[in-house]
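There are 2 protein chains.
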Amino acid sequence: MSGDDDIPGIGQYDDFHTIDWQRDIARDRMRHRYIVKKRQDSIWDLIKGAHDAWSGWVCVLLVGVCTGIVAGVIDIGASWMTDLKFGICPQAFWLNREQCCWSDTDTTFDTGNCSQWLTWPEVLGGQRQGPGAYIISYLFYIVWALVFAALSASLVRMFAPYACGSGIPEIKTILSGFIIRGYLGKWTLIIKVVGLILSVSSGLSLGKEGPMVHIASCLGNILSYLFPKYGRNEAKKREILSAAAAAGVSVAFGAPIGGVLFSLEEVSYYFPLKTLWRSFFCALIAAFILRSINPFGNEHSVLFFVEYNKPWIFFELIPFVGLGIIGGCIATIFIKANIFWCRYRKFSKLGQYPVTEVLVVTLVTAIIAYPNPYTRMNTSELIYLLFNQCGISNSDPLCDYNRNFTDVNSAIEKAAAGPGVYHAIWLLVLALVLKLVMTIFTFGIKVPCGLFIPSLALGAIAGRIVGIGVEQLAYNYPRIWLFSGECSTGDDCITPGLYAMVGAAAVLGGVTRMTVSLVVIMFELTGGVRYIVPLMAAAMASKWVGDALGRQGIYDAHIALNGYPFLDSKDEFQHTSLAADVMQPKRNETLSVITQDSMTVDDVDTLLKETEHNGYPVVVSKESQYLVGFVLRRDLNLAIANARRTMEGITGQTIVIFAGTGNQPLSPPPCLMLNRILDMAPITVTDQTPMETVVDMFRKLGLRQTLVTHNGRLLGVITKKDVLRHVKQMDNEDPNSVLFN
Amino acid sequence: MSGDDDIPGIGQYDDFHTIDWQRDIARDRMRHRYIVKKRQDSIWDLIKGAHDAWSGWVCVLLVGVCTGIVAGVIDIGASWMTDLKFGICPQAFWLNREQCCWSDTDTTFDTGNCSQWLTWPEVLGGQRQGPGAYIISYLFYIVWALVFAALSASLVRMFAPYACGSGIPEIKTILSGFIIRGYLGKWTLIIKVVGLILSVSSGLSLGKEGPMVHIASCLGNILSYLFPKYGRNEAKKREILSAAAAAGVSVAFGAPIGGVLFSLEEVSYYFPLKTLWRSFFCALIAAFILRSINPFGNEHSVLFFVEYNKPWIFFELIPFVGLGIIGGCIATIFIKANIFWCRYRKFSKLGQYPVTEVLVVTLVTAIIAYPNPYTRMNTSELIYLLFNQCGISNSDPLCDYNRNFTDVNSAIEKAAAGPGVYHAIWLLVLALVLKLVMTIFTFGIKVPCGLFIPSLALGAIAGRIVGIGVEQLAYNYPRIWLFSGECSTGDDCITPGLYAMVGAAAVLGGVTRMTVSLVVIMFELTGGVRYIVPLMAAAMASKWVGDALGRQGIYDAHIALNGYPFLDSKDEFQHTSLAADVMQPKRNETLSVITQDSMTVDDVDTLLKETEHNGYPVVVSKESQYLVGFVLRRDLNLAIANARRTMEGITGQTIVIFAGTGNQPLSPPPCLMLNRILDMAPITVTDQTPMETVVDMFRKLGLRQTLVTHNGRLLGVITKKDVLRHVKQMDNEDPNSVLFN
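These protein sequences, in sequence, are chains L and U. Under UniProt numbering, the first sequence has 199 at position 199, and the numbering climbs by one with no breaks. Under UniProt numbering, the second sequence has 622 at position 622, and the numbering climbs by one with no breaks.
In case anyone wonders, no lab produced these hints; they're calculated from the structure. Take these hints with a grain of salt, some might be off.
Stated by the list, open to error - Simulated crosslink set (DSSO-like; lysine-lysine; CA at most 27 Å straight-line): (1) L:Lys37 to U:Lys570; (2) U:Lys346 to U:Lys700; (3) L:Lys236 to U:Lys570; (4) L:Lys728 to U:Lys274; (5) U:Lys700 to L:Lys274; (6) U:Lys274 to L:Lys336; (7) L:Lys570 to U:Lys310; (8) U:Lys336 to L:Lys274; (9) L:Lys728 to U:Lys700; (10) L:Lys48 to U:Lys570; (11) U:Lys274 to L:Lys721; (12) L:Lys700 to U:Lys728; (13) L:Lys274 to U:Lys346.
To be verified - Partial pick of chain U residues on the chain L-facing surface, computed with a CB cut under 7 Å: (14) Arg29; (15) Arg31; (16) Phe280; (17) Leu567; (18) Lys570; (19) Val620; (20) Ser621; (21) Met680; (22) Ala681; (23) Glu692; (24) Asn711; (25) Gly712.
Claimed, not checked - Covered stretches of chain U, as calculated for chain L (at least 3 residues, CB under 8 Å): (26) 83-94; (27) 133-140; (28) 513-527.
Backbone N, C-alpha and C define an ideal beta-carbon position, used for all residues, glycine too.
Using the sequences and the hints, build the whole thing.
In structure tokens:
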């Protein structure tokens, strides 16, 4: 535990290793004590001390600012390139359609088109309308989509393979104490940002919200290297990463509180409460910076701001719970099919052609999506449209009711749906099926892709359809007792937009199994504080249905698929096994141990060569097996190499001594004292300890291994890998699927 | 660990003991496995299994419903009795002023008076105005206040001494794993509810928000006894109590999310994430029920709903941070003075006359409070008044500006403050000083009293004064560059009400050291989602100032004052001591141990009589001291008594055997096998383990004690009491102040 900094490399970890939280935290406290002690020496040390005390706040401030800026760049870039598929602003090609039309008074609000903005048929000298223009638009749409997707996939393949996917399963694993070198590096960051803009613009069925968490985490990782307190200590670094994940969700949805809760509930593993405040600060700064850049462009700081004239009615809880059940089913279908397809991709030849796969998926998506206006439009716009109520300014076919608006402020009257609504419903059903199928094939291809927005869209479509159904039921059968109370006046008592919102929450909740953070994100996303109860009812129903139909959320399923060594802190260990059943070595094998004062350097070298353990217990003697401490393989290698290099007289016959305090034997000079790398406080359990307690200790204390004793004698070792394998075995899964070094 | 239910009383705890979380959780899992196994036996067992699986949800549902109802009763009762001090509704005496005036069209909005409602001078046949009426009103006010306060204090003194105070320090301690019998019992509940209504109505400077948390926790405790899973397992019961605490804050402020975060951040100790969702459910149900009863009486579900015409301006962050600093200072003055006074009360004769003290404080408060309209009015009304902006309908002197309103919807023009405003400011300064002094003396007297509302009021007063200052500065010096940007138009650019809100958050944050939960409560309380940044800036400044001036928040200070055994999970243990320094016995003492198979019943009895430890390590033999397990004093007593009662042939010479598995020696018949009460998986640490790791294990694993070994031999025991004493000692506090059995 002491002398970490004397021998270079001690205290670091290898790739695909798991970290030892207790040791890292202890190292940090030692460093902290050193700084506090030194602070009295000089003004310079005092300043260094103050810098150290503030570095956590400064670091999250930087992470927040950078995350906000990068999110702004992504929003602006994606919006420009998405519009590029449809046309261009010839006077200033760098403007998107909305900005291009700002200077123009001739805007028609419903399509967003204006005379400044030219669609591709117009650029080529043709007409805006007509079959020829349609075909040209269609072709341009497909070509641009393919170009963007090809660029994105190639960049990912060539420069940063880790930049693909949403990244949340990997970040969960990293935050649980695993090392994946390069996953949060600068190349991953750059390629993920560029690739994300491209893949979002390509019109694939994916969102930018999940990858934003990955991007923010990359920023957190990179910026933490500016502060040695965090950069050189993996356990402390994870505090910054948790805050960064919160900032990522915060900018993705404009939801700082939701972001913090998401980080707390879904992503983070160790979330000490003192970092809650810091994460909140980080999330808020990021949201504030993004809003100052203002890519949403509306006065509300809310992505899908909704305002309904009518509150919800008590009986509506029935359809809301129904929506929750539907959402849970859709989510289960999605998870099962997606995992099936990803497993197929992983173990078949398909996995060798990632760029081709991306191109095929993009081509199919573009061809099918264009004809249907609801799939052609930007998914965020679709969600916003579905969430809205039919007001006076809304001219979409979805609002084709037989009613006349007299005044903006008056109540919306009850009305029968017109033919436009029925046509729109059919298009929405088609869009639902298409989006579901395409998202199943899309999530997992080798471009940056998230699934928040597609999930929300699926749910919003289903919800809107159900909402229109309930609304028309209330219109046509106003005498049913359910409707007779609140719906007896002439006003419209059912708001289909609210159903869309509830449905969106249901599907997203079913897919990710988020709970409180989902509800908070939804109401920060929509500004609808009054709708917590409906949102919660649906999210709860969806989660229960999802849990009943399939145990895992999409992220956990992907973690299992990839075999990441993630010990879920939410699952309870339900079995009755004891530590003795899990520990290595099994019966009839011998445990590799080091004795405290009777092995030579050659003996140790032989042991290191013959075994591959990451660490060795140190015992009093081979006969007694009474435990003295624990030494890591890596430290042992480094220390012996260092001794050979720096000390004289080290031969193969030199005795290696790990004596504890107090009783160092006075052995003759050729001995190598290695007590500085000996951990004299290893965590031990008895062989009769139930595995549930052991698992609890691994989770809560962040252990890397624990030693098993019986009546004081060492019996064996349980490593995190043993625990993970045991959990898999108990759940009847393949224990060898765990990826681990 | 096994056979808990065979011997009655095993698995229970004595008063003022600390619980063993690992053991309780293990007991619950065993019970759960038993139910799961038995579920296949019959339909009835299947139903029992389903009931068991749902009981957590049903229990929090019941807690939510009951909390909502009780909160409604308290709100209605307190509002009626508060108005009773001023007058009565003769036609229906059970109505408060507002309800009394509902049926009356003759209401004047600014005073709330109407012809139906009679003030006491009118009841006695006099006039509403005039010096005589004033004196009669004054007298009635004082008399009623004294009556209410005397009733409240006497009830508390006679029936439930635990019902006094806010209860939050005690609930924090209980949730950290301490047993205080009766603290959450039915008598405490009843007296706290009645006493709270009375003490709030008496006009003392106290709030009902803190006690609501205690009341909800009482409900949680009582209702958990309906479900053996929770009622008979102290660790599981704390999950319900955490949810109940969330519900308490939820109904106190109408803030379900804030309540959950408060429970998570401030109150709870073990908050497994799977209970987050359940707590949220509980908080939401409680808020929903309360809103259905609708004591706030306005259409918004928000206690202090605010709506400002103007957003905040960036430069305003400077006064907001300034308010944070002021708030931190006010909070520090309050905490230091209150703790000084409470310590004086505790160790002087004053503590023996609680009712007299309450009467004196009430009398002084009533005499001073009545003449000043801002202290005479209900504190909640004062806060609401201060938070509001001066609109067209606001006729308080605070809004006496030289401006003419033309239209409700038009912007508020900039204006100079009139004489009414300056007069109001002087009254507010007086009110600030009075409230601060009275709250110092009030918090801690023997009636139910909380300090959320007084803290908010203090901050709101300070904030409003600062706000008016900044507003008038901007009006008088519009050319200062700070104001020249946003304040150059004729509209009022500074909203003093917002400053009041920010100031309220600052003082409350300084007093309680809440962070995220404070901001969320404030914005749920006011509906002002746009003001997260100002609120956070002020809360942060206030917390930092508070932390710099005095380490502890008010609840932690009261925990320390009362010597509760609370091991704060937020404080870091900063010292370098080792387990060997803390363990019992110290050098030159011997450790009381039991040998596994060589002690007689008489030996054990002697040991139990001569020592007072709560548990004894079991070792192989006195010579070797190799650890076998751990046995609790209570279990040992019960088991021997049970054996004497039920088994034949148990004499003082019978050998007591704790043999582990496998190697039971075949001793002759007169032996007593006690392996069922032996915990064969005690948590052990080595003597070289740093205390920071030990403290961490106590916190995270919820240990009651840990055994210290060296090379496999038992050296000593560290109990939670030893840890707490050591922490106190290291912080240079009296280690003997810890209350503990």
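query = Can you give the numbers of the hints that this structure goes against, from lowest to highest?
reply = 2, 7, 13, 15, 17, 20, 26, 27
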